[in-house]
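Residue numbers (the working numbering), protein chains in the order written: chain A, 550 to 889; chain B, 6 to 102; chain C, 213 to 733.
Honestly, the hints are just simulated from the structure, not real lab data. Check the hints yourself; a few may be wrong.
Said to hold, decoys possible - In silico SDA-like links for lysine to any residue, alpha-carbon gap of 20 angstroms or less:
no., chain 1, residue 1, chain 2, residue 2
1, A, Lys624, A, Gly656
2, C, Lys288, A, Tyr582
3, C, Lys221, A, Gly656
To be verified - Label pairs and their calculated CB-CB ranges:
no., chain 1, residue 1, chain 2, residue 2, range
4, A, Ser829, C, Glu242, 34 to 44 angstroms
5, C, Phe608, A, Glu809, 34 to 44 angstroms
6, C, Glu572, A, Ala823, 45 to 55 angstroms
7, B, Asp93, C, Glu661, 26 to 36 angstroms
8, C, Glu693, A, Ala827, 58 to 68 angstroms
9, C, Gln677, A, Ala875, 27 to 37 angstroms
10, C, Pro584, A, Glu604, 53 to 63 angstroms
What the hints assert, rightly or not - From chain A, some residues computed to sit far from chain C (all C-beta separations above 12 angstroms):
no., residue
11, Thr560
12, Thr569
13, Ala585
14, Pro591
15, Ala614
16, Gln641
17, Trp739
18, Arg786
19, Leu863
C-beta atoms are modelled at their ideal positions from N, C-alpha and C, and glycine is treated no differently.
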Amino acid sequence: MQVDIKTTTVTQLRQTFSHTARAIGGDKPASRYQEATYGMQPLVNFHYRPLWQPEMELYDVRRTAVVMRDWYALKDPRQYYYGSYTITRSRQQEAMEKNLEFVEKRGLLRDLPEPLRAKLIHTLVPLRHLEWGANTNNCYITAYGFGVAITQATMFHAMDRLGLAQYLSRIGLSLDGNSGEALAEGKQLWMHDDTWQGLRRLVENLMVCEDWFELHVAQNLVLDGLLQPLVFQQFERRFSSQHGPALSLVTEFMNNWFEETSRWVDATIKTATAESAANSALIHGWVSHWREAVRVAIAPYADAVFIEDAADALAAVDAQFDSRIAKLGLKAAVDTGIAA
Amino acid sequence: MSAVIKEKDRVFVAFQTNDDTRSIVEAIEADNAEAIVSRYPAMVKIEVPGRLVIRRETIEDLIGRAYDLRELHINLISISGNIEESDDELVLHWNQH
Amino acid sequence: MNMPITPQKPAKKLSLKDNYNLLTRGLGWETSYQDMDKVFAQDKFEGIKIHDWDKWEDPFRLTMDAYWKYQGEKEKKLYAIVDAFQQNNGQFNVTDARYINTLKLFLTGVSPLEYQAHRGFAMVGRNFRGTSARIAAQMQAIDELRHAQTQAHTISHYNKFFSGLHDPTHMFDRVWYLSVPKSYFEDAMSAGPFEFITAISFSFEYVLTNLLFMPFMSGAAYNGDMATVTFGFSAQSDESRHMTLGLEVVKFILEQDPDNVPIVQKWLDKWFWRGYRLLTLVSMMMDYMLPKKVMSWAEAWEMYFEQNGGALFNDLARYGIRMPKYHEVASKEKHRLSHEAWATFYNFSHAAAFHTWVPEESEMKWLAEKYPTTFDSLYRPRFEHWREQQQKGERFSNGTLPMLCQVCQVPMFFTEPDDPTKICFRETTYRDEKFHFCSDGCKDIFGNEPEKYVQAWLPVHQIYQGNCFRPGTDPTAPGFEPLAEVLQYYGFHVGEDGGEYLGSLDARNWTQWTGKPAVAE
Chain A
550 MQVDIKTTTV TQLRQTFSHT ARAIGGDKPA SRYQEATYGM QPLVNFHYRP LWQPEMELYD
610 VRRTAVVMRD WYALKDPRQY YYGSYTITRS RQQEAMEKNL EFVEKRGLLR DLPEPLRAKL
670 IHTLVPLRHL EWGANTNNCY ITAYGFGVAI TQATMFHAMD RLGLAQYLSR IGLSLDGNSG
730 EALAEGKQLW MHDDTWQGLR RLVENLMVCE DWFELHVAQN LVLDGLLQPL VFQQFERRFS
790 SQHGPALSLV TEFMNNWFEE TSRWVDATIK TATAESAANS ALIHGWVSHW REAVRVAIAP
850 YADAVFIEDA ADALAAVDAQ FDSRIAKLGL KAAVDTGIAA
Chain B
6 MSAVIKEKDR VFVAFQTNDD TRSIVEAIEA DNAEAIVSRY PAMVKIEVPG RLVIRRETIE
66 DLIGRAYDLR ELHINLISIS GNIEESDDEL VLHWNQH
Chain C
213 MNMPITPQKP AKKLSLKDNY NLLTRGLGWE TSYQDMDKVF AQDKFEGIKI HDWDKWEDPF
273 RLTMDAYWKY QGEKEKKLYA IVDAFQQNNG QFNVTDARYI NTLKLFLTGV SPLEYQAHRG
333 FAMVGRNFRG TSARIAAQMQ AIDELRHAQT QAHTISHYNK FFSGLHDPTH MFDRVWYLSV
393 PKSYFEDAMS AGPFEFITAI SFSFEYVLTN LLFMPFMSGA AYNGDMATVT FGFSAQSDES
453 RHMTLGLEVV KFILEQDPDN VPIVQKWLDK WFWRGYRLLT LVSMMMDYML PKKVMSWAEA
513 WEMYFEQNGG ALFNDLARYG IRMPKYHEVA SKEKHRLSHE AWATFYNFSH AAAFHTWVPE
573 ESEMKWLAEK YPTTFDSLYR PRFEHWREQQ QKGERFSNGT LPMLCQVCQV PMFFTEPDDP
633 TKICFRETTY RDEKFHFCSD GCKDIFGNEP EKYVQAWLPV HQIYQGNCFR PGTDPTAPGF
693 EPLAEVLQYY GFHVGEDGGE YLGSLDARNW TQWTGKPAVA E
């Protein structure tokens, strides 16, 4: 049944939800991002203290030392809500699937000379575990963080890290003809090889970091900001220039992903830092502390991957990181005087 | 209610009513002789005593193209029973049968 | 390439199962730089014993690429329909504006639970030590965010034209009847990860959720609400995955250690009753609030609990699990639940954010057919009396505040299991204080964890203690009206959001905008 509506007689009562209107400064048309984000999380009148943390409420701002007047200031510049996030990723996975198929069909990785295959296994496959650690950490932030603005983005980020872990696994399978041997070898390396122990120790330390904003800084800004460019820019470029574009094809997603998500990470850190001198001091301290930890953890890995070129590769990502954090209002660790 | 129900507990699956699911329902009816199909507004529910199987090949024969059983999820509304899923079939069953 | 290639054997074809196992299972590791019990600090305190997380089977074996692919497809479809619905003023195609009240209850009472589920599953997705189990929980966590958001986006359009939909989460945190769903979910979230997942994935999603979504969404379709049907059924496609997780998780826990069985049984008893009491709101939605009715609450209970739930518990009997305690009370109540609930909300309608009304004669006929043993004898006379009062301009409403059950927080209107004319009261004393319950089920739950339930933020108590006024309110000021102030605190648009449907702003606008009567013939 179709009703004939004389639209001229219909006066819309309001433009958006009241809680959205309060957040965007009045009753005006709101975006889907805004309606999906503001006010979704419960704020008051909680019934029971958690058995697992009775000193806190279920949702509690005290789970980080960072203080914000408005936690919804930590907006996502990509304006991702579930729909826009999944639709974007589904397009990217389609492209990535094509790349992986192209490489697999032609055996472009599988048929590489043995030393190169071994090099890729040693350099990339254990990273799948590191990504799983990153998934764990972002899941923690999602579970215990405050305000939908940041916790929905970390949810997406957590799932992205699972995706990255699985794409790295696919690279492993592409190298071993789907036997799983490369994955088994990667796990051995991750667990026991000296090259990887610094990074594994770091990831395990992050997994017990209780302050969720510190964890965000340590994982998503510092560790990723140094390691991702080292692997997916420095290593990938060097490898591709010598051995052809197969690796670029199967790491395209990672590269685009890093660029896209850095924008979001930067926006959250910049806003929290600018909020107060106290936040700024905290975040400076965290960046400095974790940067030193990453420096120590990454050195054996860089030495093994880049050999005599390690210092150059590290210097390049260091410079990139310095210029990145300078834009966030953060000074490089050497200037702050805060001891690591 | 038929007498069958006293012998075996039913499993069920429900789909949105649309063009994709027409062939799926048809395939289920073909593969499950005891299927009971009930149609509700916008929803179709299929019950089978004990065990229900959805076969990839039967659907492929009906739609004339390759089918991935994971596509079922797009239109799935509800299920009841233990699930076993492989590349070729999705089975719902109660263990006592 | 500047090196000779070394052709290897062609890649072997992987089945979905092998592919999933390779991509997923080995991702986690036994930590050694930090103690595993510190990394996963929450999965032991409940007493559940897990010996081998690898025994966990994820029947759907979803990898992230497939997740993005299928979910992206669902979202494209859904938003295309939502856009078309808005462009075509689809909100005016529903049966009549009474129908919108089901959406009000849904958006204020159910959508916030989707958000809570999102956070709760993120906790489980962090805290379990098994990789596959965590991934399944994480996928549910992000799905639940999807549901909260798609519901907001769909109902957003109704909010522009109807009352009572404008401030759902603010109301969820405050309003008396919304503390029923809020306390239910917070009860689960404040427990440990195993209880949470048993409560939500199994007891709610697997055992009870069909009672909410199947009749409600079919009801939405039947009443011309294509937007709600679309988000509802689209959400259900995720829900079938969640239900399966619920069944798998319970089987997994039970199979891991016989000591787990009594713990799980206790949770099943608790969460069946908690969930069933929550569904009281759904019963009145089905029998009273849908202008065109799909099936009665009693029929739905028989089909989805007694029959399907019965089959499920037959299946679980091999683990030593029995039907949840007091399931027979729920069956005794099925012929009265919705009537008792609707009558209560009719009484307190002025303090609610949705409208109530006396059912039409044709509806009473339907109710009498569906409830031959109870409706005409017990409930019809009451509705007819209220209709007469209303026709005389004396629409009945109750100016007091109802007493709430300490556990489920529903007003104490339920009747004795074997006497539908006598209100069921139970009470207990804990640390010299008296607590009141609607049923033996709720009293038992309190008795098992009194230190938890004494903490409950009971809305009516809170009002009496003066905690439900906006900041700066002076209760000693002359002419102070407590109830009016409480409604302000709730964020209601007083005079628009609640009260009698006939003559309401919604009813008047409906007639003016569509040219159709406020109550469809």
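Tested hints:
no. : hint                                      : verdict
1   : A:Lys624 <-> A:Gly656                     : 43 angstroms, violated
2   : C:Lys288 <-> A:Tyr582                     : 16 angstroms, holds
3   : C:Lys221 <-> A:Gly656                     : 9 angstroms, holds
4   : A:Ser829 <-> C:Glu242: 34 to 44 angstroms : 39 angstroms, holds
5   : C:Phe608 <-> A:Glu809: 34 to 44 angstroms : 59 angstroms, violated
6   : C:Glu572 <-> A:Ala823: 45 to 55 angstroms : 60 angstroms, violated
7   : B:Asp93 <-> C:Glu661: 26 to 36 angstroms  : 47 angstroms, violated
8   : C:Glu693 <-> A:Ala827: 58 to 68 angstroms : 43 angstroms, violated
9   : C:Gln677 <-> A:Ala875: 27 to 37 angstroms : 53 angstroms, violated
10  : C:Pro584 <-> A:Glu604: 53 to 63 angstroms : 55 angstroms, holds
11  : Thr560                                    : 9 angstroms, violated
12  : Thr569                                    : 9 angstroms, violated
13  : Ala585                                    : 4 angstroms, violated
14  : Pro591                                    : 5 angstroms, violated
15  : Ala614                                    : 20 angstroms, holds
16  : Gln641                                    : 8 angstroms, violated
17  : Trp739                                    : 7 angstroms, violated
18  : Arg786                                    : 16 angstroms, holds
19  : Leu863                                    : 23 angstroms, holds
In this structure, the earlier hints numbered 1, 5, 6, 7, 8, 9, 11, 12, 13, 14, 16 and 17 are contradicted, and the remaining ones agree with it.
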